[in-house]
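Below, each chain spelled out in residue letters.
Protein chains: 2
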Amino acid sequence: MAGPLVFALPGNDLAAGRLARALGGEVGALTVHEFPDGETYVRVDTSPTARDVVIVATLRHPNAVLPSLVFLADALRDLGAARVGLVAPYLAYMRQDTRFRPGEAITSRSFAALVARSVQWLVTVDPHLHRFASLSELYAIPTQGVHAAADLGAWIAANVTSPFVIGPDAESRQWVDGIAAAAHAPSTVLVKTRRGDTDVVESIPNIDDRRSCTPVLVDDIISTGRTMIAAIGHLREQGAAAPVCVAVHAVFAGESYSDLARSGASQIVTTNSIVHASNLIDVIPSIAAAVRRQLATFTESTAPGAVRPPPPT
Amino acid sequence: MAGPLVFALPGNDLAAGRLARALGGEVGALTVHEFPDGETYVRVDTSPTARDVVIVATLRHPNAVLPSLVFLADALRDLGAARVGLVAPYLAYMRQDTRFRPGEAITSRSFAALVARSVQWLVTVDPHLHRFASLSELYAIPTQGVHAAADLGAWIAANVTSPFVIGPDAESRQWVDGIAAAAHAPSTVLVKTRRGDTDVVESIPNIDDRRSCTPVLVDDIISTGRTMIAAIGHLREQGAAAPVCVAVHAVFAGESYSDLARSGASQIVTTNSIVHASNLIDVIPSIAAAVRRQLATFTESTAPGAVRPPPPT
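Protein sequences appear in the order of chains A and B. Note that our numbering has the first sequence beginning at 1, numbered continuously upward. Note that our numbering has the second sequence beginning at 1, numbered continuously upward.
If we strip away everything but chain A, and leave its shape as in the complex, we get (with noise of 0.2 Å):
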């Protein structure tokens, strides 16, 4: 089998050009520009015809993303791609998964809904998936969420001395536990309330036996970075170690970043998932691994008798 043809959405060539030397495909070439009027102007330089695509977007900025994500996926299908998939290492719109307040916009379902009409399967990395159990129950298309614990562990192994693994809230109990065994390491989650955009109230477990560990703060996005900052002052206050904050996505809105630096963070690790200066753990190739499997599945549901399987999630 061919390699895919990859075509990299603005700002996504490093991630693009790797995978595609991972799945033993090639880069597209795309030309996406503004007109003076605001406008979107997108151009598929290399013939997708009867090709399997992928296209890399990371959606830190969803909202500029999506116009040139529709025409570009539009544009494939219409020259003829044999399938259109995404790669977003960084999927958008997962929060609001459900009414919170009467009247508001369930925008993870609708932006669920743009995205599957548009591209056949999605790959992400560690979705916040809250109230959905699966992407498949907001995706009506294949999808499948890389799991980044495995990553995440191990270069807590190899970075940090006698790491003491803190998770964000009890919800995360699960994903901290995968984390904390790849990094053979002791784990503990702390209890969190939020109220509004961005306040954040927690209590940080006891570390009286640990004193003599490194705090490893882990999270799947900082954002707001307000509950590893309350986190990193009650640990200071118990006289902890300066602690190391790991998170899969660097989405960092606003002065985040610098604030936490600020805050007594001893150092600050994300993956590459979303292009950032924190970037020093690569999950390229957990995401190759994870479309390689969704090219298969094409491959084999698509071949004379095949009985195509469930979609992953």
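Take a look, some chain B residues computed to stay more than 12 Å from chain A by CB distance:
#, residue
1, Arg18
2, Ala50
3, His130
4, Phe132
5, Ala150
6, Gly178
7, Val191
8, Gly233
9, Ala261
10, Leu280
Quick list of simulated restraints, FRET-style, between CB atoms:
#, chain 1, residue 1, chain 2, residue 2, range
11, B, Thr46, A, Ala170, 33 to 43 Å
12, A, Ala140, B, Asp13, 30 to 40 Å
13, A, Asp259, B, Ala150, 50 to 60 Å
14, B, Asp13, A, Thr46, 39 to 49 Å
15, A, Ser47, B, Thr98, 11 to 21 Å
16, A, Ala140, B, Thr31, 20 to 30 Å
17, A, His184, B, Thr46, 53 to 63 Å
18, A, Ala64, B, Thr98, 20 to 30 Å
19, B, Leu280, A, Arg101, 37 to 47 Å
20, B, Asp13, A, His184, 57 to 67 Å
21, B, Val275, A, Thr46, 35 to 45 Å
22, B, Val275, A, Ala157, 54 to 64 Å
23, B, Thr98, A, Asp13, 20 to 30 Å
It is worth saying that the hints were derived from the structure and are not from the lab. The beta-carbon is built from N, C-alpha and C at its ideal position, and this holds for glycine as well.
Could you slot chain B onto chain A? The hints should help.
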């Protein structure tokens, strides 16, 4: 029949309020804000259940508006609105209506598909139709393009002494004739060739026999303003009076408004399809008439035994 419930996306409050009054309806309360991470939050604060709903959202910044438009429309349907229509006084993505170069995304089609999946009818003002003869070739929902020619002509008749109406290109001939008829004025058109995004080459008709008139340059959209700036230069070379510039849609990309003002226009006048300092022509009454027709179509077509009329175009 009770009037419709009208929701204004941010920046459209004035138009929505006047439209609601003209239709005997009311403006619904709506909350739209952006989270620190850039995602959009939408909440409908007036129940749309079983109501005929109108969203007012001009598409001057289509990429920025698209997510909130889709989220709002999805939420309204989800909350039980009888029907959801869109008033977009300025409709975006009308230029790329074909593949000028191989591999180009036909954004007119993609954008129309996004809108048509979200709302059930569309009313706009003078859409920039080029290769498509009517909106119905692009939009799979009932649409109506309000003609602003009479409103422009009436303003010219009331405000310009001895006007001579000059249209932007041969294609605009019929539209310019409509304006000139309403203004009781003679008219002509420029010959224009567009090169790339901003370069325009044109020739101006000889105005010797109209030297006593006030030139009135008209166009559907002023975006970069290059067409009008070049025309003003040619007119001044011929010793014509400083022209009045009249357009439907005040797009005004970048510094184009001040560029045009400095280039020798005696006045720049637009309709309120896009809120701008140059708005002097009111198209809300014309829009209200078109919306009333859409709402009536719905009522008739859903009455028992009614024959559904073909969608207006």
